[in-house]
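Asker: Start from the sequences, fold in the hints, and give me the full structure.
Protein chains: 2
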Amino acid sequence: MRVKDLKNLIVKIFLNFKLSKEHSIVCADALINAELVGAPSHGLARLFSYCNRIKKKVINPKPKIKIKKISQSITSIDADNAVGFIGADLGIKHAIKNAKKTGIGFVAVKNSGHYGLSGYYGERAAQQGFVALCFTNAPPAIAPHGAKKTLFGTNPICFAAPSGNKAPFVLDTSISVINRGKIRRAAKLGEKIPQGVALDKNGNPTTNPRKALDGLQLPIAGFRGSGLAWMVDILSGVITGANHGGKVKDPFDDFTGPQNIGHLFIVFKPNLFVNNYIKRIQENIKRIKKLPKIKGVKEILYPGENKALRFKINSKKKIFIPKNILAEINELNKG
Amino acid sequence: MRVKDLKNLIVKIFLNFKLSKEHSIVCADALINAELVGAPSHGLARLFSYCNRIKKKVINPKPKIKIKKISQSITSIDADNAVGFIGADLGIKHAIKNAKKTGIGFVAVKNSGHYGLSGYYGERAAQQGFVALCFTNAPPAIAPHGAKKTLFGTNPICFAAPSGNKAPFVLDTSISVINRGKIRRAAKLGEKIPQGVALDKNGNPTTNPRKALDGLQLPIAGFRGSGLAWMVDILSGVITGANHGGKVKDPFDDFTGPQNIGHLFIVFKPNLFVNNYIKRIQENIKRIKKLPKIKGVKEILYPGENKALRFKINSKKKIFIPKNILAEINELNKG
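Sequences listed follow chains Z and E, in order. Here this note's numbering is used: position 24 in the first sequence is 24, and no number is missing along the way. Here this note's numbering is used: position 178 in the second sequence is 178, and no number is missing along the way.
Calculated from the structure, these hints are not laboratory results. By construction, the Cβ of each residue, glycine as well, lies at the ideal position given by its N, Cα and C atoms. Warning: the hint list may mix true and false statements.
[As the list claims (entries may be wrong)] Computed spacing ranges between beta-carbons, pair by pair:
no.	chain 1	residue 1	chain 2	residue 2	range
1	Z	E191	E	K323	54 to 60 Å
2	E	N306	Z	T207	33 to 39 Å
3	Z	N276	E	N306	39 to 45 Å
4	Z	M1	E	G38	54 to 60 Å
5	E	G203	Z	K66	54 to 60 Å
6	E	K290	Z	K100	42 to 48 Å
7	Z	E331	E	P205	49 to 55 Å
8	E	K323	Z	V297	43 to 49 Å
9	E	K21	Z	G38	55 to 61 Å
10	Z	K289	E	R310	38 to 44 Å
11	E	D214	Z	E22	56 to 62 Å
12	E	K295	Z	I278	49 to 55 Å
Answerer: Structure representation (structure tokens):
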């Protein structure tokens with residue numbers, strides 16, 4: 001489907017589900033961006049789930065969002081259980097606005113939901129010339145080090161910075177070996193997942209995505225990854241006022257209440273301490289790109305470079321929609 | 001040796017090497033803390049290197065440190081090639097001071113050196129009731145993803161937060177599978193290193209610490225760890241005005257100039273967005289501690305808990321000093 005047509009269709013669906021025009025566009029843009037950067041696990045594959053949660057009254061289509069200015073740098077947002085994209089969109093916007101004024105913007109969002117790709121928000125700050133750190137928590141998927149039950153989400157860490165090139169530096173790394181969306185999508189499409197990324201509920205390695213979803217995902221690097229996931233849970237859950245400590249509800253099969261996910265954004269100007277940031281980052285990237293490469297590697301890419309390339313290519317093409325997801329979209333379009 | 005006697009001895013050594021009394025105490029405290037928390041790789045094993053760099057005129061014993069207030073929240077520090085502990089000590093102090101005033105403190109330090117354990121600085125913020133993120137870069141030890149030459153340091157990520165208990169939550173994780181100090185200490189003591197943490201210069205796995213130091217350390221989680229190391233290099237090097245992109249000199253064998261390491265500290269009040277932070281973090285920790293444990297695990301510990309316990313135990317005992325390190329200390333004490 002052409003990007004424009006797909007956007008119109010998704011906006012129409014969200015309007016059917018009682019979102020405002022403005023919010024529908026925010027949601028459509030975020031979902032389509034995920035498709036365009038080559039992360040379909042965070043794109044159309046999730047549309048049904050967002051709509052389903054609205055239908056089950058655990059996402060609020062008409063949120064009364066409260067924005068509280070704590071200082072010129074610090075803002076607190078209560079997203080009133082809006083679709084996650086909406087609270088996150090406001091969060092990064094206010095963080096950028098505050099950073100423009102004071103050099104640093106610090107924004108917490110609570111009562112939000114799954115906000116898609118962290119990199120989407122970091123990238124927007126970087127494209128406007130700012131450095132960003134974004135944190136968000138997620139439903140249980142990873143067992144804390146020493147435990148045999150999941151509690152942490154895949155809790156991504158996102159860091160974005162202007163690169164001096166069109167494609168900003170955007171690191172968006174989950175704390176699991178692979179992201180949960182990829183496992184969900186594999187389950188949806190009947191595909192296998194790689195070995196070594198998950199255990200079934202009995203603690204045995206599995207390549208079956210459904211068994212993995214019922215079991216545990218493995219954190220990167222044992223206690224280090226577990227510690228980083230815990231850090232993200234504190235930053236985005238404990239500190240923001242959102243759910244934390246395993247209380248974030250699964251968006252796909254827990255309709256007992258809103259997710260109440262939290263997001264935390266730290267945004268600042270890159271030229272606070274140096275007057276030649278762009279020259280410095282370009283020198284940094286150049287040095288790394290010039291290193292001798294391991295066999296088979298043509299070019300060393302910085303985080304975000306590949307995604308930007310995919311975005312450019314995919315924006316000119318039609319978006320491929322798998323059959324079963326197209327069926328969901330058509331169903332949703334009927335209202 | 002008793003802690004008090006050891007401190008007096010180290011202070012005397014730094015005084016011999018022309019540091020001020022105040023700076024000598026800052027350095028002695030940092031080194032002894034590393035011993036007490038059970039991280040001797042960052043303790044006395046490094047004393048000789050600091051003094052040697054002063055002797056070779058690549059550490060400045062009489063720095064004229066410049067502290068520039070950019071706003072009530074933001075401070076820039078030029079450490080004038082002081083021992084790393086001194087710039088970092090000022091950095092975290094100013095970040096805490098700024099956070100006290102405005103809610104958030106943001107401090108960059110440049111022209112600094114190896115500052116020991118990141119957790120030491122994070123912990124101090126947390127003990128005073130603040131949340132802290134600390135970043136610092138380091139000499140080349142890890143190859144960027146796709147490269148076959150080292151460039152990134154082991155670039156630790158540190159996150160600290162009050163826990164409501166005596167021991168704060170302090171995550172201090174390097175991006176390498178094990179920290180470089182442990183490899184150096186093994187080399188010094190003639191011990192082996194574990195398998196799977198390093199390659200020799202020909203790219204073959206090795207358990208020989210000297211071969212590992214000449215070769216590559218492996219990052220955690222492949223491109224994820226490589227991306228996190230790159231993030232830390234940008235945050236603490238590119239943004240602060242310090243060396244970056246592989247230009248940080250090795251403290252042990254490169255005397256062609258100062259290291260010019262950078263540090264970045266983000267410190268904030270935990271109660272900005274909630275009015276019951278301590279209750280929330282205690283609930284968070286409680287939920288995780290109550291999870292069913294894997295076989296052999298008695299208790300799930302949060303990051304920093306074990307270190308605090310070791311600190312408590314070790315503070316009551318004499319500090320054990322390996323023979324060859326004691327010989328170095330005695331040599332340094334002669335002046």
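Asker: Under the constraints set out in the numbered hints, which ones does this structure not fulfil?
Answerer: Of the numbered hints given earlier, the structure breaks none, since each of them holds.
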